[in-house]
Amino acid sequence: MSNLFWNSLSRRRFLGVTSLAIGAAALGTKAKVMEALASSVADGTAVQSIRNVFTSCGMCVNKCGVIARVRNGVIEKLDPNPHFIKSRGMLCARGNAGLDMVYSPDRLKYPLIRTGERGSGQFRRASWDEALDLVAKNLNELAEKYTRAGTMFVSTEGFQEHFFTTFAECYGSPNTLRHPTLCLSSNIQGFSATFGTNPTPDVLNADYILMSGANRSEALLTPDSIDMITGEGGKRKIVYLDPRFTKTAAKADEWYPIKPGTDMAFILGMIHVIVTESLYDKTWVETNTVGMEQLIPHIQPYTPEWAEAECEVPATDIRRIAREFAAAAPKAVYYQGRRSSFFDNDTQMRRAMAILNVLAANWDRPGGMVPNSKVKLEGHDYLAPWYEDVPERLEKGDVAYLSNKDGSWKYFRDRVLEGTPYPVKGMMIYKQNPLVSVPNRAKTLAMMEQMEFICTIDITMNDTAWYSDVVLPESTYLERDDPIESLGGILPVVTTRNAVIPAMYESKSNLWIMQQLAKRLSGEIFESFNFTMEEYRHHQLKGKPQIAEALELKGVYYPKTTPTYGKFDGKRLKTRSGKIEIYSAKYAKKGLDPLPVYTAPEEVPQGKFRLILGRNAYFTHGTTAHNALLDDIVAENTLWLNTREAKRMGLKHGQMVRVKSPLAEEQLRLQVTQKIRPDCVYLSHGYGVLNKKQQLLQGKGGSDAALVEDKVEPISGNVAMHQTFVEISAA
Amino acid sequence: MERIVACITVLLFSVIFTVSAMAAEGGNPKKGKYLWKKNCKVCHVAGEEGGVLSPSTKTQKSWDRFFTKNKHKKKPEAWGKFSEKDLKDIQQYMYDHAMDSDQPETCG
Amino acid sequence: MKKRRLAIVLDTRKCIDCKACTVACKTENKIPLGRETYRNWVSEGPLRGEYPNLGQSYTPGQCMQCANTPCDRVCPTRATWVNDDGIVVVEDRKCIGCKYCMTACPYNARYYNEETGAVDKCTFCIQRVAVGEIPACVETCPTKVRVFGDLNDPESEVSELLARHPYRVLKPEIGTEPFLFYLM
Amino acid sequence: MPKRLKISPKWLFFSLLTCGVIAGLAAAGYVFWVGHSEAYNVTREIPWGILISTYVFFVVCCSGLCLVSSLGHVFGVTQFEQISKRAILLAIITMLVGFGTIAMEINHPIRMAIWVVLSPNFSSPIWWMGALYGGYLVILCLEFYALMKDRHGMASTLGLLGFVMAMAASSNLGGVFGLLEARPFWYGAFLPLYLILTALVSGGALLALIVYFNHRTRGLPFHEGERSFMDALGRLQALFVGLLAFFLIWKVITGLYGRPPQGYEAMMALINGPLSLPFWLFEVLLGLLVPLVFLLRRQSRTPQGVALAGGCSLIGMFFMRYDMVVAGQLVPMRVDVGEQAGTWLAYTPSVTEVVIVLGALSACLLLYSIAEQRLDLSSTHT
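First to last, the protein sequences are chains A, B, C and D.
Just add 2 to the spot in the first sequence (first one is 1) and you have my numbering.
Just add 110 to the spot in the second sequence (first one is 1) and you have my numbering.
Just add 116 to the spot in the third sequence (first one is 1) and you have my numbering.
For the fourth sequence, position 105 matches number 96 in my numbering, and the numbering has no gaps at all.
Read the hints as simulated data drawn from the structure, not as lab findings.
Everything numeric in this text was worked out from a predicted model, so none of it was measured.
One or more hints might be untrue.
Chain B stretches covered by chain A per the calculated footprint, using a threshold of three residues with CB under 8 Å from any CB of chain A [to be verified]:
| id | region |
| --- | --- |
| 1 | 147 to 155 |
| 2 | 207 to 213 |
Some, not all, of what chain A presents toward chain D, calculated at C-beta under 8 Å [as the list claims (entries may be wrong)]:
| id | residue |
| --- | --- |
| 3 | Thr167 |
| 4 | Thr168 |
| 5 | Gln657 |
As a list, the in silico PhoX-like pairs of lysine-lysine whose alpha-carbon atoms are at most 25 Å apart [stated by the list, open to error]:
| id | chain 1 | residue 1 | chain 2 | residue 2 |
| --- | --- | --- | --- | --- |
| 6 | A | Lys376 | B | Lys147 |
| 7 | B | Lys151 | A | Lys378 |
| 8 | B | Lys183 | B | Lys168 |
Virtual Cβ for every residue (Gly too), placed ideally from N, Cα, C.
This is chain A alone, in the form it adopts within the complex (with noise of 0.2 Å):
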């Protein structure tokens, strides 16, 4: 009956209990509730039962520190831990918006059974066991009938998020799919294939920092959204392009709004300028890198008058920024971002910001790229039985470089809908909402239509649970222990998840429904998760009291508090010649361009517009648009249009507008502004949505995942989400 009590209480309600409690606890006004409270400090009583527990915020990728504050049995208050130095003591509105995922109505609450057409929203309750049996019968129907390879495990990052991995892996489908092909991939690959790893750019400590659509004030990631600010900023300066007038533009010194695609055309330019002009250090480049001798005469066309004529930016300035750049080095440092899934040279374009960064000779070095450090703590063994007869990944060979564990989107649902080279019928889901994070929806949606079982588990009746057979509630970051997590950077840190306060209703953690089914497939399976949580985090720690003693007194372990640079000084990188690679002799070996060569991107054709997506610091992808305290801030996605080509169309401010793209409409209601270029219109991501049952959401804004196309980036099989062309007309 939990449930029912929940629903009949509004939001509004909820936040008023509390204050209810409060107020009555401390007899009134809020002049008495300082008094009361004044009191109960002064003589060492407290009135009622408050505790204060640090966990990690789960809102978004970056899990800050947090200390929850608990009265009565109901979170009241989650606060930043100051001893939290990744997230420099802060938690951003998302963090703070936290108890709505735990106290939403919206929750899912219990399992549930779909019992109408698929995506009729008809379900009913059911309880564990009988979900769980339904579920584990399919599975093993489906390993029958398409072997194991046959079920696909979505799923996206968290600290519970390894004992799903670990179950596909158990199970024996080697068809994991995870988000980095929609985000960062291409970024990975670039910076890797230069240095061995996609290092950290030390924001702290540059003297220049030259962005690409990285809009660290709106997207935000810890600790770079604050040090770009709050850096020591006497010569700190920070030149952004993007084409659009971010809230990061409005704090960098310079703003270039590039034409999109061609971020590359201006970091050859400059590269050229800094190689010409040999404003770089040829003895560092000399003993650290190869492919220096390969680069000059490569470099020679790309002269910042070509990248003018491609990019937009002025040469003047190119060369201009070239100079400050090469002046500011080693210190000064171009900021690779994250989220790379823009367009089909994206991997190439990382490499050319790599290569400039590599001629700035930054590499491990203060305010410069600096490889991550991490705390190593003990692995879980386990051992995933072995099944003979399954086959490769099934998009094995489609992408260059393709991560085992991750897959490629794109690539993987067209051989889902084509069905080869083998039949993929089964989706099981955890935590990510590709009906909303995927490109080009209406393939999702034929995926998961020729499905024969699909099982999702997450915390709200998103789309994807919407159109699944079972759905299985989890608990939230906030009811539930999780592992103890090692947080790479350049300061790294330990973290670990706390259950603030029981879960409610029926959810369970994830560990707890893996165990589960594990339970149910086979003794074998389950002899990899038969442990307790809390034998698996004393096991984590073993031989590291010290750890555990910080994560006790602090709710954070970090080993120092300043960086360490030049670790791999004189040591053997990641890369095939152990050196920097400026000139990739695996890319050529694989046929592909092993230095940056420049592509121009496809023109915006007569009467159209480029979509570009982006964020802003309200909402994390597809999961957080429905919360309550964040609806109350932005309440649906716009349509940005620029001031000319608005009045040129006779469109307004505010008035609903059709988004017309090569696979769907949308109608969205428009927001007229200077602060986009005229041939580009925007959008921000996770409204939209098909689901009924997210109130909030309801109506609201239009969906990016409807809209864009399924471009895709070859050499890291990250999707190119900036290469739709859309129609615009009044609604």
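Place chains B, C and D on chain A using the hints.
Frame of chain A; chains B, C and D shown alone:
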């Protein structure tokens, strides 16, 4: 059009390369992973006889050298229980996940 | 004990308009959900210039805890007053909901809270300040735009900041003597 | 054949008003049920809406009735004495209805009753508003009692006191707005004086209507004395409305001249903005120009003409209050939305607010009509 051709070329190359690499090595890396975890990791963890070892400890070259030249010199008897095919599988797994392998870093 | 004069000094150049302060305040102070119910805010300044030369500033704000206090003056039932720390407080049970203070406030810092049945406003998180903590907005801010402290203590960070830097207050022409100071 | 139902105008009049009152009460019930934020369109930026402006309309009518009717029994202008009772009675009714309207606007009228006594703030114009109008109501009641009991001495004394109170209360009501430094459109000495003048206009208009409809409904002819009374009232009204026109002209000029910050935008909201329709059509045309035309032309200064001018003035006054209250709040105190910021905020009364206002107007008319039926309000001096 040119770009499409370029993409297809890249794809073709990558397919051919992967296939040829597989043919040359011939092992099944997944089976290799299973065998490695089942048999080798007992000794190759912290505090055990073999010391910490993982595929990413060595480069692809040194793994190849290990499997063709060294052949577990330190404790040849541990080597004996594997069939030729098993060793090929393990070698493939180690090679595929070596320090300088093509396996990209990931997120989360 | 010497009386305190609590104040916030803001460096708006650091503000990225992430609105963490607004959400932190809403949860800390149990503010009802809604777009009009908030104690603090971040204002997007007017867009300067023409494309492609643009500029914009973001200005967080909340009750300015004015020393010459218009809301205090006009409240018919003395439901609002300035306490010993310089914080403008509202005593809910005396508030009749005439909203005169809302029309009197030059900063639009007050709103009517349907749950408490009284006009509500920023109190520098009085419940936190009472136990020696800092206001939620100050604590949660990623870039630490706000600094909170006692201006009667010459050693405090706020006193030092105001001594060292030029600053402004909002709407000085109205003569409210606000205690939110914006560094320039 | 069913019996033909004969609907007398009187029956129709009373049932319409009763319906209006019932609708108003229903709206009030709805407000108690769902709460103010749901029922009203007032916002944190525009906390005062049509209920406040209607309240101002009523209580200023009340002051005006008193001021103008005092010409009779206080200052001995005998022509005015014939309507003293009616004027005072209507004053009491308008004030009660006005109080009812503001009680709907204030969230906690009962708390108010307690805390204005237990915790008074003497620097608050609203506190003084309550005190002055409260005291004024007592005086009005006593005065009405005295008039009904033919105690002329007492009535005169109380009338004088009421006159002073009416001046104090209406100017203080102007002060409620005029003392807000935050609102340049309202701030200053203008509104207190303006409210006294508008009180006179409203009072005069209402008196003309009372006299006119008293004759019409009872089928009484206008005798010479009454014609001359209406003529005198018309001239007086012409003076008041003419003065008001000058007040308004100077308010507009000072609002535009040099574009004073905020004051200019508020004035532009009236002249060429969201309030331009009520401003030009109702406040200026209907409220000022039409009455002036009727009152200045000798041919049209007939009882009908004066009454018609009064009716127009009164409608104009209603919208004028609305314009004054809303315009002062339309300019944002704070620009929050950068590029998309408009010059003005938006306020349109909700259906509930409008129904309450209609209910209040109906209640006022109904109460007065009932009183006319039940009490002998004819003057003893005629």
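Subject >> Residue hint threonine 168 of chain A, partner chain D, criterion CB-CB below 8 Å >> reply: Given a least distance of 48 Å, the restraint on threonine 168 of chain A is violated.
Original post:
Taking 25 Å as the top limit, are the C-alpha atoms of lysine 183 of chain B and lysine 168 of chain B close enough?
Top reply: Holds, at roughly 16 Å.
**OP:** Using 8 Å as the Cβ threshold, decide whether threonine 167 of chain A counts as touching chain D.
**Re:** violated (44 Å)
Subject >> 25 Å limit on alpha-carbon distance, applied to hinted pair lysine 151 of chain B and lysine 378 of chain A >> reply: Status holds; Cα separation ~18 Å.
Original post:
Okay, the region 147 to 155 of chain B and chain A, do three or more residues pass the C-beta test at under 8 Å?
Top reply: Coverage by chain A holds here, the residue count being 4 at a Cβ distance below 8 Å.
**OP:** Quick one: see if chain A covers the region 207 to 213 of chain B, three-plus residues with Cβ-Cβ under 8 Å.
**Re:** holds (count 4)
**OP:** Take the C-alpha atoms of lysine 376 of chain A and lysine 147 of chain B, compute the straight-line distance between them, and say whether it is at most 25 Å.
**Re:** Measuring from Cα to Cα gives roughly 24 Å; hence the hint holds.
**OP:** Return the status of the interface hint for glutamine 657 of chain A: holds when the least beta-carbon distance to chain D is below 8 Å, violated otherwise.
**Re:** Status violated, d = 13 Å.
Hints 3, 4, 5 from the list above are not met by this structure, while the remaining hints are.
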